[in-house]
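Order-wise, the sequence lines are chains A, B and C.
Just so we're aligned: 751 in numbering that gives the first Met the number 0 is position 752 of the first sequence, and the numbers increase by one with no gaps anywhere.
Just so we're aligned: 77 in numbering that gives the first Met the number 0 is position 78 of the second sequence, and the numbers increase by one with no gaps anywhere.
Just so we're aligned: 92 in numbering that gives the first Met the number 0 is position 93 of the third sequence, and the numbers increase by one with no gaps anywhere.
It is possible that part of the hints are untrue.
Unchecked claim - Only some residues are given here: those of chain B computed to face chain A with a beta carbon under 10 Å:
1) Ala-9
2) Gly-25
3) Arg-26
4) Arg-29
5) Leu-63
6) Arg-68
7) Ala-81
8) Ser-82
9) Glu-84
10) Thr-89
11) Asp-91
12) Arg-94
13) Val-111
Calculated from the structure, these hints are not laboratory results.
Bear in mind that the values here come from a model prediction, so they are computed numbers and not experimental data.
By construction, the Cβ of each residue, glycine as well, lies at the ideal position given by its N, Cα and C atoms.
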Amino acid sequence: MTQKHRLVVIGNGMAGGRLLEEIVARGGREQFELIAFGDEPYGNYNRILLSNVLAKSQDPDEIYLNPLSWYTENGVTLHAGTRVIGMDRRFKRLFHEKGELRYDTLVFATGSSAFVPPILGVRGDDGELKKGVYAFRTLDDCHGIMDSARSARKAVVIGGGLLGLEAARGLQELGVEEVHVVHLMSHLMEAQLDAAGAEMLQGTFEQMGFHVHLEKSTKEILGNGKVTGLRFADGTMLDCDMLVISAGIRPNAEIAARAGLTVNRGIIVGDDLRSPDDKSVYAIGECIEHRGETFGLVAPVWEQARTLAERLTGRNPEAEYRGSLIATKLKVMGIDLSVMGEHTPQPGDEVVRYVEESERIYKKILVRNGKLAGAILLGDTSRGAHLLQLFDRGQELPQRRSELLFPAPHEIGAPTVESLPDDHQVCNCNGVSKAQIVTAVKGGCRSLKSLCDATRAGQGCGSCKAQVEALFEYAADGGAVEDPSIHYYVPGIPLTKPELIDAVRTLGLRSVSSVFKALANGKEDPSSKMGLASLLKTLWGGEYEDERDARFINDRVHGNVQKDGTFSVVPGISGGVTTVHQLRRIADVAEKYEVPMIKITGGQRIDLLGIRKNQLPDVWKDLGMRSGYAYAKSVRTVKTCVGSEFCRFGLGDSTRLGIEMEERFKGLESPGKLKLGVAGCPRNCSEALIKDVGIVAVEGERWEIYVGGAGGAHVRKADLLAVVATHEEVLLLAGRFIQYYREQAKYLERTYSFVPRVGIEKIRAIIVDDSEGIAAELDRALQASVDAYADPWLEAVEPVHPSQFAAAIDA
Amino acid sequence: MMKEMYAAEAQSYDIGSVERIPIGEGRRFRLGAEEIAVFHLRNGEVHAVQAICPHREGPLEDGLTGSGRVVCPLHARAFDLASGEPVGHTCDALRTYPAEVTSAGTIRIYVVQVAESI
Amino acid sequence: MLETRTHCPYCAFQCGIRITGSAKAPVVSGDPDFPVNRGRLCAKGFTAAATLSHPERLTTPLARDVSGNLVPVSWNAALDRVEAGIRAVQEAYGADAVGVFGSGALTNEKTYLLGKFARVALRTASIDYNGRFCMSSAAAASNRAFGIDRGLPFPIADLARADVVLIAGGNPAETMPPLMQYIDELRARGGKLIVVDPRRTATAESASHHLAVTPGTDAVLALGLIHLLIRERLADADYIARRTEGFDRIRTLVAAYWPGRVERITGIPEATLLEVATILGRAGSVTVLTGRGPEQQAQGVNNASAYLNLALVLGAPGKPSSGYGCLTGQGNGQGGREHGQKADQLPGYRDIRDPAARRHMAEVWNVTEESIPTAGLSAQEMLEKLGQDDGVRALLVFGSNPVVSAADALTIDRGLRSLHLLVVSDFFLSETARLADVVLPSAQWAEEEGTMTNLEGRVIHRRQAFTPPDGVKTDLEILSLIAERLGHKERFTYGSPAEVFDELRRATAGSRADYSGITYDRLDRENGVHWPCPSQIHPGTPVMFAERFNTLDGRARFLGDPHLPAAEEPDEDFPLYLTTGRLLAHYQTGTQTRRVPQLDRMAPRPTAQMHPLTARRFGVADGADLVLTTRRGSAHFRAEVTPRLRQDTVFVPFHWGGAESANRLTNAALDPISRMPEFKVCAVRIESTTESGGLT
């Protein structure tokens, strides 16, 4: 194969490294033999992140763009740490510390050096920077600064430009107590900011504890051997333990100059990035001067690298670099500053400014021929990204300039339902338009349900539910009502729960049959009986006229009917804490009655399954334990974890509280069953967060009360109701919530739908803050029910009816 | 059905006072080979139907009653007690047995043994 | 009443549907027992049966007469033309001059037989399919990183259980609405949805964070997030160490994507980037999904890889309800890319260049290894060379409408017209069929049996509800008939689709996509089976990568290159971005959905969406007729002014053909690896807002 074209790049920084990357990305390996020289013995790293390294917000090894391995993997010969000393353009040879080599094409990417002003005493006798004095330019500088910052108490930064301020912030992050910024000019960051912006920035900066000295020209660096302070032109002095100089950069163009290439401030190149003096020599990056500009930022340098790669690889031999749009951000924690383009208006420019002293917000944009010429965003850069793209693209700006500084009302977003066109398809599955929905609502669909039934909106994939609801609200315009029947407490009585309660109280209806007589003209609806029975018991407590035929079989015989007509017997074991005595009796009973299955329940009790109806009384007698209510629409159990008594994580005595709760609330009828739980710590072993009422012990000897959880067919994490200190408070608030639920919930409505329906905020207001002044009444009613408690299993001794437990009777 | 009744021999059982069954409830009686649920409704009527629900063999005597219906406790299937017809579902109808309260205040039930041959 | 459980003919969600009633009056409802859609259907699904007895349904073969009109002919006459044409072209130009163009809509059986037909009956290397326009970028990314490509390596239901789901350039709320039930569940559980999309889509609407990224900058965003995750110490170092290779490469890659730069390129504020990175980094379980947005670009593979890397940095793939996946588009986009209708591929993801694979298939097909052609050109490339010296001269198209779906449609149109023979098998006279010399009427979804593989790699049984109308044949029958005429009867005689499937099982045995343990019975019993399933006692593989990835060392690979800008960026002449996509009402090229009255009413003609400020800037009134022009062509649209997208972007749907074809505008720049055209980004100008009516 023929000799590959040899491309040599001097410099392996942001420019050189990037150029090689871009060339490789364009398949340049095939065309070129790639050789690179780098002063620093590393791969190529991202200089823009140096200040993060200094501020310890990033590790040095996180800023490498191309580690040494990259060069070998991509067939690039890198002479790392090898200095190039000169060249012979006539014979296309390059001389370096370790020898010389031929090139076909040469690219200068020698970058720039930190400018160290020739101040008296800045260097030691060896010509190196005095001890304690650092430039801020390279990873080595970074390491040096970090080292001496450990022992430094007071540091000075010369230079109030972007990098100087970032260095200052770095020093503060490194724990230097007192950090001073000394600046030659009349305001900070004069290259990017106008005076007003700089003034506000300085204020913010000083608030953060930095000391800023403006218009200070340093005349001497004091201290022999090691820096001890600075002397200024005005005679004043400032002592310090270390000094960082960030006074700008100077292009590295010596080699080029010596080789006879035109060099002004930097190596002169045209739009083709080529030296006018030598067609095989190119230059990019901070070492060049292009159209009178030199460069100190990454973006333009990388644009140059891309352009040159396009040219050299022939992907676009005509590619040209015509300069860059400049934009920067200050990387100082606690300061939002984003600047782009120019900051001083030219004649004819339009200036839009917004200043908010108290918030230290300063926004300014320059508009030139309808396009963005520059912008300063200080204190609030939320619009920065948007402006930057308008700026980069030279796009025509919207007429209303405020839309530039603040989010416009119609920033990218969704149109409101009002603004939707009438023919807008809302439910796409069933093809229902906005107009159809609105007409349906106007035409009498006053409930979401009836609307959906009538139009079939939202009955397909369901993803339009939210929008249909929003449209319904909008169209019903306050006149929204829901389908009444879904609000009846029970199907058989056409009243909502409050209405029903009211009627029951005013008419003094104490029995289910009386309710049917009074409110349903005697028509007894079987499926309504249980709901009514539960409500009446809740309302009347002891005065309730119990009619057994209104009860579900479970509540007639106090067991849970099974598929084969037998029953399950679950004795109450408060808090899931039992005794040898209890266990032995349960065992004896199970043996005596040949119980087909003995099961430990999820509620921490023991279930004896397969008991025949007529066996129930004897089983209860032999057990001599109270009912566990495993069959009732009532408080079931309180599940607990071991808690602070034994558990090494336990924060609260969950078993004791659990027992107290179960003893107090046991058997309370409720619209739906109530499963309670108490956890001794947030590990939540007793699943308190998915209980109807769950209590969790937390640090600081406090108890969190949760309500509305569920862990069955429906799973829901409970909402936090309150945090209290004592068991008494838990019993009070939990009880108050239970009573509120008993009175307000629809029949069979579990707390997991009740709580979200009413809203935890409202519930909290009522239960905790007594916002409706009913707390006392709730407490009283609950106490009445608690007092009215009687263990139903006592009916083993005194059946309510001779045939209460009768099985098949032979005639 | 009627025709069969004539062709068949009917046997009547007196199962004792209506008080044996709490008002509004039902109980199961074993009459010969038959397991029969007898209900004592709040309007005073008594009804006798097959005790075992045709749906999943639930114990109908334990069901809730009202408006002349019984609702099976297992899966809430409702039946009309007079006709045995299912209400709102498609299970087979219940077998019904003529029942009456005698002047003595007892419940009498007629169990009709349908002759195989007809 | 007779009821058939089968599956929707459209997208990769493959909703279970129940059909009752007659072929004339079918009734469709969602199948509550199918665990993927759980009874839900979208507008397309509800109306799917409308195409069965549609008046425009083709029921007889058509052939071009002397005066150039398509006229009804007998099957024999039609097949004579096909046979003669194939023989003539192959004699004159060689075997590869006859091309086959397949589809991600075909059943696994058809896909497999199509590949076999090309390699065995035609012996041509020229076969590819429209899946190249769909999933190929994400597929390549997964193959490179995980050693295997299955759209979702986990069941869709896992989405609901994640803490955070990030969807990049996907709009399931409109393209597969039944999926949203899992997102609703996720949100109800307090989970977060993050959507990356230049448009405020219905999906973005329901998101907790919407990143309206600049078109064509997806990789920058993903790499920027990784940069922040590393900086903020939120990368899962332990996972990276245990389960991945090549992290150093990515760490150095992302060093070039610091927030300031990412903000400038993507237009997403630095603060937002940090917030999102933190949410992702702190979440217990994260699922990253890509759609066509990032994939349909000349940087498609690199974009997908960037998001995949994001998932790896978060330690997601292989963990419960976490991972990376791609929202497959076409009904059988998954199975379609597994069974050998790709130019470089044999059944079961086997590489056609791999001697072992060739040997295996030679046995299954009972042919010599040498007789199996090698790799041919990818879809877009094959189509662009149609009729040219080194290109295809006769093309057989099955279940596809490339003149509408391919990028740079006008070039494709010219190519198709220049063919010696164009054969199209379809059930409607699609835009491509109109250009054909022979049109073969084929059976539809509900009229034939077969298997599909949905987006989660679940192989499902598409059951037959009705017998096809008279005069219509299934693609399987058509392929066998042509093969028979070309002298391959013995290799193309099947009693039923099940027999084809059994051969497919043998073909894929031992491959990455191993179906050998799957039978129709199992599919019925188990509501589908996730591949790989190497034996009949193997339960199938719902969740992949739990222990290891399918690479040699079992570790996932970090792969990725620096971002390159879109092949075409806005400039003076073409100042706006153009991006394309789908509407809820229509499916792909609209051949079916545009013929369903209800769907047509929902979206009768294509609109061009633009932001109010953009409309103001270019003087466009809402509802105005306008012409959009790119360097490739022009097309007509109705202006729809909406705040739902970026001010620098215009969106158009691609469901229409002719003068309303979005793909007359799109750029055919191809991804170097997946050969995916750049449908999602090009530069456009608003040409005219007055003129209306059609260019042609």
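These are the hints, each one checked on the structure:
1. Ala-9: The hint is violated - Ala-9 (chain B) has no Cβ within 10 Å of chain A, the shortest such distance being about 15 Å.
2. Gly-25: 9 Å, holds
3. Arg-26: 6 Å, holds
4. Arg-29: 5 Å, holds
5. Leu-63: It holds, given that the least Cβ distance between Leu-63 (chain B) and chain A is near 4 Å, below 10 Å.
6. Arg-68: 6 Å, holds
7. Ala-81: Violated, about 15 Å.
8. Ser-82: 16 Å, violated
9. Glu-84: 16 Å, violated
10. Thr-89: 19 Å, violated
11. Asp-91: 19 Å, violated
12. Arg-94: Given a least distance of 16 Å, the restraint on Arg-94 (chain B) is violated.
13. Val-111: 16 Å, violated
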